[in-house]
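Colleague: What follows is each chain in one-letter form.
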Amino acid sequence: MLFRELRQPLLRYLICLGLTADEAQDTVQESFLRLHKHLVSGGSQENIRGWLFRVAHNQARNRQDRYDRRFAAPLDDRCDWMVDEATPERAVLEKEKFNQLRRAIRLLTECERECLLLRAGGLRYREIAEVLNISISTVGDTVDRAIRKLAERCNV
Amino acid sequence: MCEASEILMAWLDGELEESGAAEMEQHLRECAPCREQAGAYRRAAEAFGAYCDAYCERSLSAKARPQVRPWLPIAKWVAGIAAAVVAFFLLLLGAPMSQSPARTAAAVEVAAPAGTQGLQRGAGTILAGESTTSPSPEEAAVEITIPADAIFPPGAVPPGVAFSADVMIAPDGSAQEIRLRPQLAEFQRRPTQ
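For the protein sequence lines, the chains are F and B, in the order given.
For the first sequence, the working numbering begins at 2 and goes up steadily by one.
For the second sequence, the working numbering begins at -4 and goes up steadily by one.
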């Protein structure tokens, strides 16, 4: 049950960090394996989601030197796809909106982007703080700053 | 822009304590700019989530979809022509050899294990003295059907899968050439009873 509930958000987080689908799936599997070991060996059962995301995040970080370029710009490429099936007028609008969003995302700092991604994964500020090893108040400030940037630049 | 806007996002995310949240709700009732800003934040957060979803979906489906290889049709033609040339030379070389009367072609068919058939393990049934797969008319073909579970461990061959093997038998009785071909659609072509 835990697996079903957390697998998809975790996979999405890793892919948005810039891992390929294969790498992300491997990392998800490895993370759940470690979670299993953690629980079997009597580890804390509190905040499983935060624990899992932190383990996955650190694994993704370890791949970072190899995938630095993609990691630094994970959400930037491939933006023409979302509107394939929309009607032409709608497609133009949607495409423009997504391009705006893409440009805005590119201007976020790494920490801002990670905070937003973790937040989108359903994590509370307390859990995000644990994953990124920063304070809860820093998470609050960072999420606020990041969403402000997106809202100002995108006018959505 | 009023000070309250600094904790708007925390309020939207349900991160404020109860008293703080109540204060914020009171403030929003009175402050139109903050209400507007809260709406903009919410839409931005939703758009970001949608962007992530779309990006993620794309990454996963790009993996599932095989890459388009534009050279593939050309490669097929090249392979086809090459195969034809090779077959032509093989025919030239092989024609005198096929005159040998002692050569025998046998088609051995391994039938799928089917519940309705009463074939015993290890039993072989000789079906017919002739085979349509005989390489040349003057060669006598023997067709033998062997249940799959006589050869493979139980369950190794799923129902509906059969193999057809062509075996060339030399004058001294040794098997010279074995070609095993899986058959999916035609395995019920002949009754195996």
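Hints may contain errors.
Facing chain F, a subset of chain B residues (Cβ under 7 angstroms, in silico) [to be verified]:
(1) MET4
(2) ALA5
(3) TRP6
(4) GLN21
(5) ALA33
(6) GLY34
(7) TYR36
(8) PHE43
(9) CYS51
With a cut-off of at most 20 angstroms between alpha-carbon atoms, the simulated SDA-like pairs for lysine to any residue come out as follows [as the list claims (entries may be wrong)]:
(10) F/LYS150 to B/ARG53
(11) F/LYS150 to B/LYS71
(12) B/LYS71 to B/ARG53
(13) F/LYS96 to B/SER0
(14) F/LYS98 to F/LEU108
(15) F/LYS150 to B/PRO28
(16) F/LYS98 to B/CYS29
(17) F/LYS150 to B/PHE83
(18) F/LYS96 to B/ARG53
(19) F/LYS150 to B/LEU7
(20) F/LYS98 to B/GLY34
Pair by pair, the computed Cβ-Cβ distance ranges are [stated by the list, open to error]:
(21) F/VAL41 to B/GLN21: 23 to 29 angstroms
(22) F/ARG62 to B/ALA17: 57 to 63 angstroms
(23) B/ARG30 to F/ILE137: 25 to 31 angstroms
(24) B/ALA17 to F/GLN46: 45 to 51 angstroms
(25) F/ILE135 to B/GLU1: 39 to 45 angstroms
(26) B/GLU41 to F/HIS39: 19 to 25 angstroms
In case anyone wonders, no lab produced these hints; they're calculated from the structure.
We put the CB at the ideal spot given by N, CA and C, even for glycine.
Colleague: Output the indices of the hints that this structure fails to meet, ascending.
Modeller: 3, 4, 5, 6, 10, 11, 12, 13, 16, 17, 21, 22, 24, 25 and 26
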